[in-house]
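With the hints as extra help, turn the sequences into a complete structure.
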Amino acid sequence: MKNHRTCRKGGKVAETAAMDKQKQKSSWGVYMQEVPPSVTRFDQNLNPCLEEELELGHLLHLKELFADPPPAREGADRKAENKGQWLKPPGKQKEKPPGSLTLQEFQRAFSELIGSESWNKQLQLLFHKVDAACEGLIDWSKFCAYMLLYYKERHSARRAKKEIFQETQPLVRHCVQNKEPTTRVLAISSPPSLWFVTVSRGGLLTTWDSGLHIRKTFEIATESRGFPTDKRRFKSLVTDAVYMANVHRIAVATTSRDIHFFEASTANLFEDIHLFALNNIPTCLYYWYNAKSLGSRSLLLWGDDQGGVNLLWLLRPRAGMFEKPFRDGSGPRRIFMPDIKEHRKLLRYHAIPDVHEEAISQIQYVSEGDLLITASDSPKASVVIMDVHRKRKVYTWKIKKGVKCFDYCKSLNLLVTGGLDHAVQLWNQYLTDWPVATFQGHSTTVLSTVIHESQGHVFSYSKDSVLKVWDIFSQTCLQTLVLKFPCIQPGRVLEQGDSPFLLMQDPPHLLLVSCADYIGMLKLTHGGAEEEELATHSAPLCSALYSAYSHQVVTGCDDSSVAVWDVETGTKHLFISNAHGNEEITCMALDSSQNRLITAARNGTIKVWNIQNGHNVHQLEVVDEAEVTGLVVLQSRTLLAVGWSRKIVLYHFWEPGALFVTATCSWKGGQLHKEDILAVDYCPALGLLATASFDGEIIVWNSESQRVFLYLRETPRKRSHPPVDKLFFLQHRCTDGILKDSAVLISSEAGALRWWSIFGERQEFGVYYAPTKVDASVLGLAANLINTVLVSGDTEGFIQVWDISGYGLSPSTRGSLKKPPLLSSWRAHSSCVVSIEHLMFDSDAFILSGSADRSARLWTPEGKFVGTFGQEKRWDLKNPSTFTHPKGSWEEKKELRKRTTLTEPRVLLSSKDPVRNMEGDTGEKGNLQESSGQGTTACKVDLRAQLQEPQLPRPDRLGLSPSPSSQLSWEDGVQSRLATPQLLTSTLNQRKCEDPFSRYVEDKLIKRIAGRKARRHIFGTINAKKCNPFGTICSPFQALTTSELQRLTLPEDLPMTPRMLRQGIVCTSEMDLRSLQLTFPELDGEKTDEPTLGEKKKSSVHAKTSFLPPLVKPQTPTLSSSTKAKSFPIPPSRLSP
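Note that the sequence shown covers residues 1 to 1137 in our numbering.
No lab work stands behind these hints: they were computed from the structure.
Remember, predicted model here, so these are calculated numbers, not experimental data.
There may be inaccurate statements among the hints.
[Claimed, not checked] Derived DEER-like restraints, expressed as beta-carbon distance ranges:
id, residue 1, residue 2, range
1, SER265, GLY669, 25 to 35 Å
2, PRO821, PRO36, 45 to 55 Å
3, PRO36, PRO880, 41 to 51 Å
4, THR662, ARG707, 22 to 32 Å
5, GLY737, ASN595, 24 to 34 Å
Heads up, the beta-carbon is just placed ideally off N, CA and C, and yes, glycines get one too.
The structure is reproduced here in structure tokens:
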């Protein structure tokens, strides 16, 4: 018996060992299947090009040297200098022309200028480039001509037109089971792997993977219970479909006056809800939700065939769309539309009838301003923009052949339409009479138009499968693709779906288009030329770290590449490609020595690298193939990882030389988070670890006991808080025993920064909204070493620097704290800031920022731009003159161009200006107005200036409105520097070292600011209530100069006529004047003669009731007038008032 038990026990041990071995094999198998990484090292001693190092000061000194060259040497020395050069015969030798230099003179002059001869070789090469005729002499004009050509070629090479698409023809797939054209193409990004859904007009839903391979097909059930199967009924057709991302459903509208809702949380679609018996046929769908707060209310709206708009507000999307009553049987839940009021706890329905006379072809909702945009084929109301509550002005466009499709961009204030007229038209939101621009080029009906905001492009697709890309600002056609689908035949017009176009502006940057029952996919190139020249990586960054030990910056991006940069000069030291194969890097961290880098990927793999040589030191065991969102180094040999697995995993590096490190999942506190862990931070001084999850729950752990130390916030069952994007410990406050009771932890959630105290009865000190714009989030937080300055970066690309030296220190201020003082704020990136670091270099402070716009940049705390990692020109942190400031970043230069165009003498298109034809046709609509007295100079249409809209203050949805002091701009900064004449003089002196273009731009800006200050000095502050319309123009300053009307006061000694004095009429007040009777009807009856023309005019004047006596011109009395006065005496009874 004992042997039997021993055998059983041995069998279990062997089985357990085999399972562990198989599990370990699967954990390390992920690393075996990866693409091996490659490491590239860069030489730091490469000399840059001399032409790139020349600045304005160097050019000015060279100009003086050319104008006044150094004295020539003796003949022997001169002969030795010209040795080896071709010279003319002595008889024909000419003297050196004035203002020219030889090679030795040029080298000597430049060496004296920089105080070094290290550039002699490159100076010799530059001299021979300028001396194209090999004369041995160069002058200032030749040197300037060469430099201009060099900069022009470099500028053209950098800004060369890049192909928008990676291929000229799409990847084509055939929807075999579709019997009708494809109506809509949808992209589903949840679960994380991207997949697509096509909806045909016949009611067939087909799912595709990211490579356009068919997975499954589903058909909408058109047969309803209770109908005989042999009875012929009208065939139901699909009109539109939309993906509801926050509730993971697909809504499909049909001509049977119903909407089918499919569950799309997995690739196995099934119909969940059937909403039927609508009032009218839904013709188009649109869905909106708040991406920053998925639990807040969302909106499903549709337009119908009678021109009406229907709004269905989902009040609690996470709780469900409709009530779930008890029901028998399987199949979708059927919701009767007239009984929609029974679901008022979860939704609210509202209808706006008769918006259009015909069926609505497309509908859109804009959350900023609660705007509804609808389009139809009606020429009387082609496009309508109105607010949901219909309290503001309604803008209506009347286009001859109606509108089939449109797109709207709030930031550009731009509306793009297309339709039966084969044209793509650009409109200002507030100008309905005339388009801003018209793009001609399509030969058939335009079916889809989409605005690519980040690139400034418009995509249009026509019925003949022609795809065109237009540039908004240059108003030119960039590329035309004639898509070759197998179903296209010459002379045959194919039947297309209503919305056969899908553009994915976020990675992976795809464009899907359908033609009949075929579907094609095109890949877009990343970014434009302007954006690429300042890009650090070829993909969005996930993190940027600073190593104080080696004075290096480490950046990682989504294409699984890592780069190491020298912070002092900005040069690249090391580059690692395929660090995690093809998986995206999600987070990074440095160990306690700051010499090793730890990276984690989306598939759960974690690696440790040596940042000096790029060697992969360790590969950590994969617990779950789930995304890792946070890495924390607890001790010198212990690493903690959290992520979507909701687990807290430890890794111990007991063997430094071991490549594979096993995981320890036995966290004593257990798995308490019910949602994915998104943020983590560690405080070594207190020995506390803070974790936060997607549902807003924040837990503080004791790192030694691995037990819960404190629940900062628990999530109730019924409602949840916004997801926590970032956790940040103020380390200096934690080490100070006096400040330990103050606010030591900051959490970022939906843009609000909450300050927490770990010790005390009440943990929450205060909260304020940090971003400069609404609906933004803060993803990056950093502080200086003594915790007096806090730096935040938001999803709009802004960086804010806050003074927190006295914020949240006293427990008595809990709950009453407002915003801390804002020291500076600026636009740092064109996309969201994902990482922020505050670093010190030689007692100088700098700010490191990483963004999804593929760039990592360095700034001073005042917002001065040092440079972008990856740029050609190096900087020196010890020499501020090498900084890129004051040029600003790429986005700031773009914003500056928008401002300066307003001051240039250009013709702006208004509602009565002609249209510029994109094909260059010369007609009445294609010619611009000419300025009188200036000939026929053509002025380029400044579309950027016209599309600008003044930003009005908007209420914050979180109840935390941004501070007015945070609304800073570069122009306001210049205006504050130019506030006094002394500062203006100093600024002009500093501008001597800038390039001519910057001086020209700043001159324009100074003139604008001076004019604005002069107007404000005269008129004072503008009061919006005093702005009155004058004709069709509303001028605030004209309204201010107009004096207000005063009440008329009459003098007491009002003059009286002799006749009134003879009759005894007294008029000493306004009331007497009002009661004075100025007409005598009795005299009209005594007249026998026909009144003359003059008398008719007088009678018409007297017939008007006026409060003042009419003005009478002095006339010489005539005989007829005196006779009439004597022959018609006035009765005394009529003289009394």
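Next on the checklist: Against the range 25 to 35 Å, how does the distance between the Cβ atoms of SER265 and GLY669 compare: consistent or not?
Outcome noted: Since the Cβ atoms of SER265 and GLY669 sit about 30 Å apart, the hinted range of 25 to 35 Å holds.
Checklist entry - Holds or violated: 24 to 34 Å for the Cβ distance of GLY737 and ASN595? => result holds (31 Å)
Next on the checklist: Holds or violated: the 45 to 55 Å window for the beta-carbon distance between PRO821 and PRO36?
Outcome noted: holds (51 Å)
Next on the checklist: I want to verify a distance hint. Is the separation of the beta carbons of THR662 and ARG707 within 22 to 32 Å?
Outcome noted: The hint (22 to 32 Å, Cβ to Cβ) holds, given that THR662 and ARG707 are roughly 23 Å apart.
Checklist entry - Taking the CB of PRO36 and the CB of PRO880, does the distance hold inside 41 to 51 Å? => result holds (43 Å)
Of the numbered hints listed earlier, not one is contradicted by the structure.
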